[in-house]
Amino acid sequence: MDSSLVKKTSKSSLKHGVIDCDFHQTLKSFQDLKPYMPRVWWPRLSEPEATLPITIYKPIPLSRRDAIPGEGLPPGSDPEYAKVDALDRYNISKAILTGSLLTVSAHNNPHYAAAVASAFNDYTLDHWIPKDDRFFASILIATQDPIEAAKEIDRLGSHPRVVQVICTVASREPFGQRRFYPIYEAVVRNNLVLAIHGGGEGDGINPPISAVGTPTTNFERHNILAIHHMSQLNSMVCEGVFETFPTLKVIFVEGGLAWAPHLMWRMDKNFMAMRSEVPWLKKKPSEYIVEHCRFTTQPIEEPSNEELIQMLRMMRAEKTVMFATDYPHWDNDTPTFVLSKLPEDLRRRVAYENAAELYGFSVDERGI
Amino acid sequence: MAKYQAAEVGEIDKGSCKILNIEGRSIGIYFDGEDYHAIRNVCPHEQAELCKGKFTGTTLPSKPHEYILGMEGEILVCPWHGWEFHVKTGKSLVQPDRYRIKIYDVSIEDNKVLVHI
Chain A
0 MDSSLVKKTS
10 KSSLKHGVID
20 CDFHQTLKSF
30 QDLKPYMPRV
40 WWPRLSEPEA
50 TLPITIYKPI
60 PLSRRDAIPG
70 EGLPPGSDPE
80 YAKVDALDRY
90 NISKAILTGS
100 LLTVSAHNNP
110 HYAAAVASAF
120 NDYTLDHWIP
130 KDDRFFASIL
140 IATQDPIEAA
150 KEIDRLGSHP
160 RVVQVICTVA
170 SREPFGQRRF
180 YPIYEAVVRN
190 NLVLAIHGGG
200 EGDGINPPIS
210 AVGTPTTNFE
220 RHNILAIHHM
230 SQLNSMVCEG
240 VFETFPTLKV
250 IFVEGGLAWA
260 PHLMWRMDKN
270 FMAMRSEVPW
280 LKKKPSEYIV
290 EHCRFTTQPI
300 EEPSNEELIQ
310 MLRMMRAEKT
320 VMFATDYPHW
330 DNDTPTFVLS
340 KLPEDLRRRV
350 AYENAAELYG
360 FSVDERGI
Chain B
0 MAKYQAAEVG
10 EIDKGSCKIL
20 NIEGRSIGIY
30 FDGEDYHAIR
40 NVCPHEQAEL
50 CKGKFTGTTL
60 PSKPHEYILG
70 MEGEILVCPW
80 HGWEFHVKTG
90 KSLVQPDRYR
100 IKIYDVSIED
110 NKVLVHI
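Going down the list, the sequences are from chains A and B. Take the first sequence: its position 41, counted from the start at 1, is 40 in numbering that gives the first Met the number 0, and no numbers get skipped. Take the second sequence: its position 76, counted from the start at 1, is 75 in numbering that gives the first Met the number 0, and no numbers get skipped.
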């Protein structure tokens, strides 16, 4: 790699430390899963169509071509390369590995999906976590079968470098429903947080990409992806998930931000009218959101800076927003680009402190 | 303070409300079967005629997915946006410290319902 790139770090990130809440590691090949999977599933690993369902053509490839580590490997598959290409270059203190294959939850076969998730988790712990102290792991779960997902959380939840559970935002049913409780029980039992990440919308067994059917282009799809985040957040609050699990924290990843104030206001307004339907809610919906939910910056909206900062204030970003790159995907954001937009008080909260508080990292571990 | 005759005892059926104008104020006299309540007929939200709403009960605080009906006859629901108010305190159920309707004292004298303003 060009060494001049490595030294090009952002002043703003240097000052505060940066936690990247969405850093995608992936496999070199599906064959990497074999040592961790029952043989019954091996033939599927050679059949791309059988592995993960995909429904819409994406003209821009998911991963950045310039993040290819060489030797024919996919971007994000070589920890040594990714460390230099992302962590060193942008002075990232810690990176939460959010993985790939998240769309296992869209697969028609819940047993295969759970096996893929489990194998991927073992692969991450074996091939990524030992490579750098800055990496922290997520437990990927397949949400089709919440009881199996809870077992996977319990299997790995006490690993010292595991900090969260991750699943896609797309699902057959809203996450507030009780059939998902085994997942939330396992998350809080293991003192983890739950990251709900974009992905799988309209794929496989999931409902359509939009609420009115399937869009024609990826542009049209990409513009409205946050409706899935909105739907899940809305469901979890309305169904009283945060009353049932008062220590549960949920991160909404890769949904952008600006929808959050809209939803908070809409929910608070409607709560005045329809409280009697949800008598288990003891405070305004937005209060549950500020207390229990976090939102990651990428893909950040790009209005004028003044408008962006107004929006961040509206959603209590000093408490609720955490920085994320989405490395090495095509629509990633750099710390320099995002953090330089923010005033000082917001910058340190978004760059480091909100995530450090959520994951239990000490302020002394900024790595700067 | 003055007392104004608002209704005869027996004139207002249980669960019903008589709306009248007293000194330029629109006030609803609601009879819950035991007591009379004099309620300012203006919702603090968008000034709807609150007392034309529904007098009812509501769901009490509960655990998720549990419904307990209670406070029957004690809740006034605005006919516009459905805000719930307690007829005894005038307080909004959701934001009792922010939204409150004026409740006037009532007395019964010589079989007449008197509102104290």
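Because the hints were derived from the structure by calculation, they are not lab data. It is possible that some hints are incorrect.
Unchecked claim - In silico DSBU-like links for lysine-lysine, alpha-carbon gap of 35 Å or less: (1) Lys111/B <-> Lys283/A; (2) Lys281/A <-> Lys90/B; (3) Lys13/B <-> Lys283/A; (4) Lys111/B <-> Lys282/A; (5) Lys248/A <-> Lys51/B; (6) Lys62/B <-> Lys51/B; (7) Lys87/B <-> Lys283/A; (8) Lys111/B <-> Lys281/A; (9) Lys90/B <-> Lys268/A; (10) Lys111/B <-> Lys268/A; (11) Lys62/B <-> Lys2/B.
Verification of the hints:
Under the criterion of a C-alpha separation no larger than 35 Å, the hint pairing Lys111/B with Lys283/A is inconsistent with the structure, at around 42 Å. A C-alpha spacing of about 16 Å is found between Lys281/A and Lys90/B, which places the hinted pair at or below 35 Å, so the restraint holds. A distance of roughly 34 Å separates the Cα atoms of Lys13/B and Lys283/A; the hinted pair therefore holds under the 35 Å criterion. For the given pair, Lys111/B sits about 41 Å from Lys282/A by alpha-carbon distance, which is inconsistent with the 35 Å threshold.
Of the pairs offered as hints, the one joining Lys248/A and Lys51/B is violated, with about 43 Å between alpha carbons and a cut-off of 35 Å exceeded. Distance check on the hinted pair: Lys62/B and Lys51/B sit about 32 Å apart at the alpha-carbon level, within 35 Å; holds. Among the hinted pairs, Lys87/B with Lys283/A is consistent with the structure: their alpha-carbon atoms are about 23 Å apart, no more than 35 Å. Proposed proximity of Lys111/B and Lys281/A is contradicted: the alpha carbons are some 41 Å apart, above 35 Å.
For a cut-off of 35 Å, the pair hint linking Lys90/B to Lys268/A stands: about 17 Å separates their Cα positions. Of the pairs offered as hints, the one joining Lys111/B and Lys268/A is violated, with about 40 Å between alpha carbons and a cut-off of 35 Å exceeded. Of the supplied pair hints, the one linking Lys62/B and Lys2/B is violated, its CA atoms being roughly 44 Å apart against a limit of 35 Å.
Violated hints, in rising order: 1, 4, 5, 8, 10 and 11; the structure is consistent with all others.
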